[in-house]
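Put chain A on the given structure of chain R with help from the hints.
Now for the letters of each chain:
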Amino acid sequence: MVASAAVRLFGMWASPAVRRVEWALKLKGIEYEYIEEDLSNKSSSLLEFNPINKQVPVLVHNCNPIVESLVILEYIDETWKDNPILPVDPLERAKARFWATFVDVKCREESRKAFFMEGEEKEKAIENLQVQLKALDEELEGKKFFSGDHIGYTDLAVGWMTFWLGVAEEAAGFKANYDVKFPNFSRWIKDFLAEPVIKDNLPPREKTVEFFRAFKQLGSCTKVNQK
Amino acid sequence: MAGSQNPEVKLLGAWASPYVARARIALHLKEVQYEFLEEKFGAKSELLLKSNPVHKKIPVLIHDGKPVCESMIIVQYIDDVWVSSGPALMPTDLYERAMHRFWTIYIDDKFIPSLFGMMTSPTEEAKAEAKEQTMTSLQLLEEAFGKISKGKPFFGGDTIGYLDIALGSFLGWMKAFEEMNSPKLLDKTKTPLLCAWAENFCNNEAAAAVLPETAKLVEFATVTQTRFKYAPPAK
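Heads up: the protein sequence lines correspond to chains R and A, in order. Mapped onto the UniProt record's numbering, the consecutive letters of the first sequence carry residue numbers 1 to 227. Mapped onto the UniProt record's numbering, the consecutive letters of the second sequence carry residue numbers 1 to 235.
Please keep in mind that the hints were generated in silico from the structure rather than gathered at the bench. Keep in mind that the hints are not guaranteed to be accurate.
Said to hold, decoys possible - Straight-line alpha carbon distances no greater than 30 Å define the calculated DSSO-like cross-link-like pairs of lysine-lysine that follow:
1) Lys131/A with Lys113/R
2) Lys127/A with Lys106/R
3) Lys113/R with Lys44/A
To be verified - Distance ranges between label pairs, derived from CB positions:
4) Glu178/A with Leu47/R: 31 to 39 Å
5) Glu210/R with Lys40/A: 27 to 35 Å
6) Gln33/A with Asp200/R: 47 to 55 Å
7) Phe41/A with Leu47/R: 38 to 46 Å
8) Gln33/A with Gly29/R: 42 to 50 Å
9) Pro87/A with Asp200/R: 30 to 38 Å
10) Ala194/R with Glu219/A: 55 to 63 Å
11) Glu141/R with Gln33/A: 29 to 37 Å
12) Gly142/R with Glu178/A: 50 to 58 Å
All C-beta atoms in this analysis are idealised placements derived from N, C-alpha and C, irrespective of residue type, glycine included.
Next comes chain R alone, as it looks inside the complex (with noise of 0.2 Å):
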């Protein structure tokens, strides 16, 4: 175990984005102070760590602060080299920096619609998602994971899409179906949550489902407080 009681990792329960980093941390072995935040009631801290976004997950390392789960994770890797999660080739890195970025910008807007959405907006926005999901399951084809035999940086990226997309199912009522048309994503789903770092680092699934119930009661359509 790599001690350094230098990271600290600002972050809440729910959030998908924090847990990737949670992944990343413990997949390397590092040790960290996480800290809890009530975004209805933000700490000092985290508004005087992130004053640009005002959103978790932020770690800061040696009083640096480092926002966006995506820059955390290539930071992560970069400052501590054992088990890598990102490639050594540089077409390998690109291709898995091209699936992250896509999952994020464009899985996470359809889920998104999906969720908040109703009637006609609401089956587009599932359409989309389907055609996104089978690119997906397309990339998966002959791997156990994205990263290959062991999962990584495009696995930790993707990995919100394990349990939070069947949250948001479960919370707004509307069904992706991947199960049953997508069997290479389907399958690296149930691998991807058996692995020990991801299984015993996730919310509780019925805690979760009503958070994500009440914040659609809301009614709101901004993104979810968190990237």
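This is chain A only, laid out in the frame that chain R set:
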């Protein structure tokens, strides 16, 4: 891979696209010879659809037959591959690398949509909101420049770096918008550091070779006005 005999480097793009400019500036800085394959506006070539089936967007770098997509991912790739040619685009300090990456995401997620939104949003109210967001973003970028550059001409220090490319590639369009009656974007009283930075960037040989002339961009925008959607053309 670096060192291959006659590696084939092609870039699918369009002269007016600031996202394509990002890739081209990086290639110029790294002194990489490449073939520029211009896509026709409003139509997508077979090669583009085959190389980027997920997004069907430019730029796409094709290196030894293998495609790399997304402008800043291409820039990082160029920096990783042509490591001993030209300046390093990413800083060596790990925290500074995180800053370059963070601000690049900020530029893509917040600054660029509001910049184009100022000109192309459907209502006056939306345009005004976009303008406010743009000016706020520029103020934040001004402060960020002060911290990151440490008194040097670029975000990357003495030479153009990753974050300079992310923002500088949009200077052509920013100047074009100012000619098309947008509010003044870079102002010597409000954003003096960015004004100086913009001049240094545009005077750099690689940028000067790539950034289109303001008049041509204004003409392009005017001609394509009816087809100019809110979402920028490529990423």
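Status of the hints after comparison with the structure:
1. Lys131/A with Lys113/R: holds, 26 Å
2. Lys127/A with Lys106/R: holds, 24 Å
3. Lys113/R with Lys44/A: Given pair Lys113/R, Lys44/A holds - Cα atoms ~28 Å apart, limit 30 Å.
4. Glu178/A with Leu47/R: 31 to 39 Å: holds, 34 Å
5. Glu210/R with Lys40/A: 27 to 35 Å: Given about 52 Å between the Cβ atoms, the range is violated.
6. Gln33/A with Asp200/R: 47 to 55 Å: holds, 51 Å
7. Phe41/A with Leu47/R: 38 to 46 Å: holds, 44 Å
8. Gln33/A with Gly29/R: 42 to 50 Å: About 44 Å separates the Cβ atoms of Gln33/A and Gly29/R, which means 42 to 50 Å holds.
9. Pro87/A with Asp200/R: 30 to 38 Å: violated, 44 Å
10. Ala194/R with Glu219/A: 55 to 63 Å: The hinted range 55 to 63 Å holds for Ala194/R and Glu219/A, with Cβ atoms some 58 Å apart.
11. Glu141/R with Gln33/A: 29 to 37 Å: holds, 35 Å
12. Gly142/R with Glu178/A: 50 to 58 Å: Roughly 52 Å apart at Cβ, these two residues keep to the hinted range, so it holds.
Checked against the numbered hints listed earlier, the structure breaks hints 5 and 9; every other hint is satisfied.
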